[in-house]
Structure formats: C-alpha cells, structure tokens
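Student: Quick mapping for you: the protein sequence lines, in order, are chains A and B.
So for the first sequence, this note's numbering puts the first residue at 71; every next one is plus one.
So for the second sequence, this note's numbering puts the first residue at 3; every next one is plus one.
To be clear, the hints were calculated from the coordinates, so they are not data collected in a lab.
Straight-line distance between alpha carbons at most 20 angstroms, and here's what the computed EDC-like set of lysine to aspartate or glutamate pairs gives:
no., chain 1, residue 1, chain 2, residue 2
1, A, Lys192, A, Glu177
2, B, Lys82, B, Glu143
3, A, Lys165, B, Asp15
4, A, Lys165, B, Glu206
5, B, Lys202, A, Glu124
6, A, Lys148, B, Glu206
7, B, Lys298, A, Glu124
8, A, Lys152, B, Glu206
9, B, Lys202, A, Glu123
10, A, Lys278, A, Glu253
Interface residues of chain B toward chain A, partial, derived using beta-carbon atoms under 7 angstroms:
no., residue
11, Ile8
12, Gly212
13, Asn215
A virtual CB, placed ideally from N, CA and C, is assigned to each residue, including glycine.
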Amino acid sequence: MKLIQVSNCYKVYKNGTTALADLNVTIDKGEFVFVIGSTGSGKSTFIKTLYREEKPTKGSVIVGGINVAKLRNSKVYKLRRKIGVVFQDFKLLPKLTVYENIAFALESLGMESKSIRPKVLKAIEKVGLKEKARNFPTQLSGGEQQRVAIARAIVNNPKLLICDEPTGNLDPETSKEIMKILENINQELGTTIIMATHDKDIVNRMKKRVLVIENGVLAGDYLKGSYKAHESIKNS
Amino acid sequence: MKALRILSRSIRDSFKSVGRNFSLSIAAITCSTITLILVAIAIILTYNVQEITLSLERELTVVAYVKKDSEDANIRTIKKELDQIPEIDKYVFKSKEEWKAEMKNESETLNTTLDYLEENPLLDSFIITVKDVNDLKGVTEKVRSYDFISSAEYGEGMVENLVGAFDIVSKGTIVIVIALILVTAFLISNTIKLTIFSRKNEIEIMRLVGTSNTAIRLPFIFEGFILGVLGSIIPILVTIYGYIILYDKLGGHIISNIITLVQPFNFIFFVALILLGVGCIVGMFGSYRAVRKYLKI
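Chain B with its partners taken away, still in its complex shape (with noise of 0.2 angstroms):
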C-alpha cells in the first residue's frame, strides 16, 4: 500500500511537473515527435524493403539453354551434372514446345508468328531455383559451362542495383533515426535536469524528512516517461492511418504488381507498439540520465 502511494504521489507529481516546465516539455515532446515519426517511416521502409527483396530473390531463377538440336540423350547429361551441384534447390526442364505454346498465349502477333514459322526456332531448357540467392551467379557460371548448354542467364544487374539502392535508404534513415534519438534523449534529460533545479527546496526538504531514495527520484523518471509518452501519440496516429491511407491509395503494390507492400494489418499496429517502447525508454533514459548526473542524494 504504501509502495502504491509513493507511486501514485510520484505520477502525479510528474504531472504537474510537465505542465509547470510547459515550453520546454513541448519542446521535448515536438523532438519527440519528430524523432518517432522519423523511426516509424524507418521501420516501414526497412520491412517493407527486406519483403520486396525476399520476394524478388524467391523468384529469382537461372534459366540454361540447351544447345539446339540435342538430343534426349545429351539433356539426361545435364540433369545428372546439374543433380550434383549442391546450391541448386530445384529444377524444371521445360522443352521448346512449352515455351512456344506459352509465347503463343501472351499475344496475337507472337501467335501468327510462331504459326508461320515451319521449324520452333526456340530452345529447350532449365529453370533453376537455387537455395542461396547469393550462388546465383556461381551457379550461372558453372552451368554456362556445360557442353550441351548454350547459355545460362538470370536477371543480372537490375536486380542487385533495385536491392542496393532500398539498402542504401534505410540504412540511410537508420543513421538519421538513431542520431535523432540520442538528440531526443539530451533534450528530455535537459527538461529533467531544469525540473531538478527548480525542485532543489523540494528535494532537500524529502532528503531531510527520511524519504528514499527511489521516492525522491521516481517522479523524475516518469517525467521522462510521460514525455516520451506524450511525444509518441502523433506519430502512433500518423503511423496508423497514414499507412492505412497509403496503402489503399497504392493499392497495396509500388510500380506494377512486382513490389507489393507488407498488408497494414496487424503491421501497424507492430509499428505503433514499437513506437510506444522507443517513446518510453528515450524519455525514461533520458531522465534516468539526469538524476543520474544533477541529482545527487
């Protein structure tokens, strides 16, 4: 019980205490803010990104041409070669005939062509998967060096530089976000510490009567905690609905239907309890800085 009072005399001194520093509590809460909703745009891009590239990398496959006219022979060769290389997770021959039969279907003026033409002029081939997106290329170039093969390809370049460039934004924005943070923490520590002087009397006067320590610096602490807090509640809304908004908008999918966005539920709401936590441990570590440093007892 008593335990209870202490604490409850502590969230309502903090209280006050926010609202007698009223300007520089704002401006801690704005950095706050600021800070937070910059977090939450990191953490929507770094998932969103690391989604987009799981997916492209799911569907990322070798294909190896084999060279014409071989014979049925020479395509058992290359399954035996390619059932030994052990990055390969899966393979599936697919003969000329079912490309030409798929070319035929995605258009008319291919239709006619292909109709018109005696011979299939197109490849039989292999369509390979591997366990390991970065064995692409390794596995590419081993392929490519098979006799009965004629080429081996997989989407060189495009892919790595889309990859390379969402890497390099957020991780960029990783960088902003945690120099933010540490500029959030140092403002709500300088709130704290303006708190402390102007309860100097307070504090000496608790000192004296026999108040604990914990008593004296808990109210502190839930300052900060309360700052953190109340600087989390615009960015937990613009989060919210602003991912919601966005998603509809898009439709769910950036540039065509390759890049589809993480679906907002429950993500978000994933997002927002982060955004609480990080709210409520920079507030708290940055009071806890300051009774550390100004409150000496």
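Excised from the complex, chain A in its bound form (with noise of 0.2 angstroms):
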C-alpha cells in the first residue's frame, strides 16, 4: 500500500533555483529508504516537501492521503501529526530533561497527562534510554542525544519517520546503534523510514532501498541498493 506518491514535482526557489524537476517516487507503507545524493542535488528539498517545510511549485506530493502541494499553511500540523522527524542536530530542549523532552511533543498537542506517562516512557525504552530518563541533555552523549530525538519523534505512533542525516554528527560506533534503533522502529513498529544520508557505510551494509537524486531528478532507484551501485552509474 503506498503512503508517498510523488507525482512530477518542481521546486523552484525564489532565486531561480530548480531544486526538483518533475521528480516522481512511489514509497509504500513499511518500507526503510535512504536517499542519497550529493549536496545541492535537491536531496534536502525532497525531504523537506514531505514534512511540507517547502511547498513544491508543481506537481503533487500525497502523503498519508495528503497532498502536500495543496495543503495550506494552516493545516500543516495536521500532516505533523502522522509524521516524527529526526536532525542532525537533534533539536532538544537544554532545560528539559529526556523524558520531558518527549513528552513535551505530546503536552503541545493538549494530550492529557495520564496517556502521556505511558507513552513516553514506551519511547524511552524503545530507544533504551530507561536509566537516563532524568538526565538533561548536556549530560548525555552525541548517540544517546540523538535516541531521545527519535524516541521524541516516534512517542506520537506516526506512520511515517523523517530522518535527516540523523549521524551526521557521529562517530561510525554510535552511528550504527542508532542505525539498530532505527532498524528495530522500522520492523517492530511498521513505521516507514526515510533517511537522507551521505554515510556510504550505513547504506552498503543495511541493504534497504536506495533513492539516488541529482540535480533535481531520480537518478537511481534500487531496492536492496548501495552506494556502489550509484557510483557504479556516476561512473558509466
């Protein structure tokens, strides 16, 4: 069943940039995707169209039953909701500790509190960082610092994860647990991943699909894929 449709999209910027050019990807409900490509190729900009930070300038972007492309600033929360997102730079609150940086999301949405306990604490434990529930995030590391993002970003159950290059700031150790934790959300949960990644070890050794995007178009698209297949046609 397909839960992203991207139907011959175009992201021009106001400085004439063609980010995307008439780019079409279908992902279905369950699937762990990496898309990659080198900076500037529009890779970002895709990631971005899907969580709606960019609106594309033509053509359609369905997510979850939504088009994206129609949708109105307004109602942008709505398309939020089914979606958890993961940076680089992890993105917490300093003077919240974990757990009350993720239940922080839930508080937001006017969640009552007694579901809120819950499910944070099944997040926390999902991501394995029971015993530094109380910790803030100064005092954690780059690894742990980034769990409490994804455990953030899946408490709300969402159908779909967003993760931009989300070890991007760490060491190949601690990258591949996080890649674990990803891995283990993916299969145990059902949850559709999508990461933008430029760490060619992760992608040649977790074998998942492979989206290549250059210069705004999909240039490649392999399932069980790696980065050397994408060089293999950089390179023909």
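Put the complex together from the two separate chains, hints included.
Tutor: Right, here's the structure in full:
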C-alpha cells in the first residue's frame, strides 16, 4: 500500500534555483528507504517537501492521503502529527530532562497527562534510555541525544519517520547503534522510514532501498541497493 | 477538554515567560502603568468637564429687560413675539416687584437702599431659556431688537472661555494618551518579540510535532494580555482611592459651588473597568502585532 506518492514534482526557489525537476517516486507503507545524492542535488528539498517545510512549485506530493502541495499553512499541523522528524542536530530543549523533552511533544498537542506518561516511557524504552530519563541533554553523549530525538519523533506513533542525516554528527560506532534502533522501529512498529544520508558505510551495510537524487531528478532507485551501485552509474 | 488543556498550558507558559524576561516585562508593565494612569486622568477630566459644561449650559439664560414704563399691552406683545421664536425652550416673566423682593432678601444694605427709594428703579424682565446653548447669542440679538426691550444679556465671554479652556485641556490629554498607548503597545510588542526569539527552539519543535498554529500563538497573546492586566493594577487602585480622596477633600466641588464633581460611585468603577479593558486590549494588540510579524508558522 502506498504511503507516499510524488508525481511530476517541481520545486523552484525564489532566486530561480531549480531544486526538484519532474520528480516521481512511490514509497510503500513499512519501507525503509535511503535517499542519497551529492550536496545541492535536491535531496534535502525532497525530504523537506515530505513534511511540508517546503511547498512544491508544481506537481503533487501525497503523504498518507494528504496532498502536501495543496496543503494550506494553517493545516500543516495535521500532516505533521502523522510524521516524526529527526535531524542531524537533535533539536532538544536543554532545560528539559529526557523525559520532559519527549513529553513536551505530546503536551503541546494538548494530550492528557495520564496518557502521556505510558507513551513517553514506552518510547524511552524503545531507544534504550530508561536509566537516563531524568538526565538533561547536556549530560548525554551525542548518540544518546539522538536517541532522545528519535524517541520524541516516535512517541506519537507516526506512520512515517523522516531522518535528515541523523548520523551526520556521530562517530561510526554510535551511528551503528542509531541505525539499529531505526531498523528496530521499522520492523517492530512497521513505521516507514525515509533517511537522507551521506554515510556510505551505512547504506552499503543495510542493503535497503536506495533513492538517488541528482540535479533534482530521480537518478536511481535500487531495491536492496547501495552506494556502490550509485557510484557505478555515476562513473559509467 | 483538549482545548481546555491547551488553554491552561498556554496560560502557564505565558506566566513563565513573563518571569523569564523579567526586566523587559517590568519595563512594559511600567509603561503600561504610566499610560493607564494618564488614561484615567483623561477619562476623569473629560467626563467631569462634560458634566460641568452641561450643568453650566443648563443654567444659561437670556435676561431681557423691558423698557421702563411699558404698559401691559406692550408686555403682551413681547410675549407673542417670544412665542414665535422656535429656539426658545421656555420663558418666565419676572416683574420689577419680584426683582425688588429678591434683592431685598439678598442683603441688608440693598434692603434699606431700596426702601429709601420711593420709586422702584428696577425693570420688568423676561428670563428666557433656549433649547440649544449655541442659539444663545442669536436669540439674545433677536430679542434685543424688539421695540419694547431696553436690553438683553447672557453670560457673554466668561462661559465660553471656561468651557473652551476645559476643552483644550481634555483634548490635549487625549492626544498625549493616544501617543502613550502606541508607545506601550510597541513596548509590549517588543517584549513579545524577544520572547518569541528566546523560545525559537521550542516553537520549531512544536511545529514539527504538529502543534496547531493557534496553540503555538496563544501563549504569546496571553503574555501580552498578562502584561496589560499587570500594568492596569496600580492605575486602577490609584484611580479608585485617588478620586475618592480628592472628592472627599474638595467636598465634591471645585471653586465655589458652581463646579460640581461627578459622584465617585459607580463612576469610579466604570473608569476602573475601562482601564482594565484598555490594558488588556493594548497588551493583546502589542503581542498580536509581534506574533504576526515575527512568528512565522
């Protein structure tokens, strides 16, 4: 079943730069997809259109039944409730503990505190930070901080988890741990994961579907693909 | 229920924020306090001036003196002519004997002087009340031109000057108050702007997890509201106690018994309510402006 359907999508920025040109992609529910491409390829723009940080200039981007291209600013929150987003820089609130950082997401949605607690604890357990629930972000390592960010992103059981270079700031060992958690979320919860990355090792090792974006178009789409496949295309 | 939770969370956050940006909040509250004290002065002044003007105007009459030795027929003619002036509300005929009796009552000296004179030197007169105070001059001139009238007068000059002076004072105060309200709104807006910047990360996360725009904006609007309300507390107290004390000290009058102050109750609560309202509106307007300008969702 399709979760994301991007058809003839264009994105032209105000300064005239074309970031996406006639992009067509379909992603099914429960998939784990890597999005790779060199800097300025349009990879980030593609990721951003999925959670409507950027609005497509033309074409349609349907995420979970919502056409993002036609979504009004005032309705964007409806889309975002179905999506979790994880960034390279974690985006945690330094004055809140791990627990509070995760609960913050649900509190701001107006959820009842009774139902917040079990959800938060479940998410913390899922990322293996049970012992550090009362710690502040500054007392955690980079990998642990990213795990908090992942817990916050999945606490509301989103259908889709978007990860924008989540291992960009982490060493290879920690990156592996993060990937293990993500894979676990994908397999156990059935959450669709789309991850933009530059990390060749991860892509090569995980053998997941790989979308290659170059110059704003889909240059390659490999099932169980890898960076190697992409590089061989680039070189041929 | 959910809306209630969002509301209570917004209120909690806005109180926290007032404390977090304490110095700026104090600046905004002080400015709002000063403005509202001036608003109170303006309202009290304007309202009192209006009342004084009205009571003065109510008492304004034209006194037309009938020529000496006029006969009854002449007086009847004057009455007929007065009946034809539409601007006249009512008129009363006051004979020279009535004037004499009134004057004799007023002081002992006048009493003996008038008794000493064989003939009554006073004149018969008409005391005319007009419907609109602006017609006073026209009616006086018209009556003055009648054959059997020797002279007609009203409180020319004095009343106009007094009312004019009051008017200038209250208009001047209103101008200052409007300027100060704008400054306060700007200061509150600036405070909210800084709050928005200091909570940039929180706002970003709220947007990402799908918090509705209203829920994101509400705390900031409330913050402006709180600043406005806090700023109106001192002015309200100053107005209520200040006016009551002033009224008691002056015995309800300024300069003799001519000018009466408006009674403190319920007037003062009405002013307090206006101050609270102005405080809230200015606060919310200031924050709304900041939210619209700096909180891009």
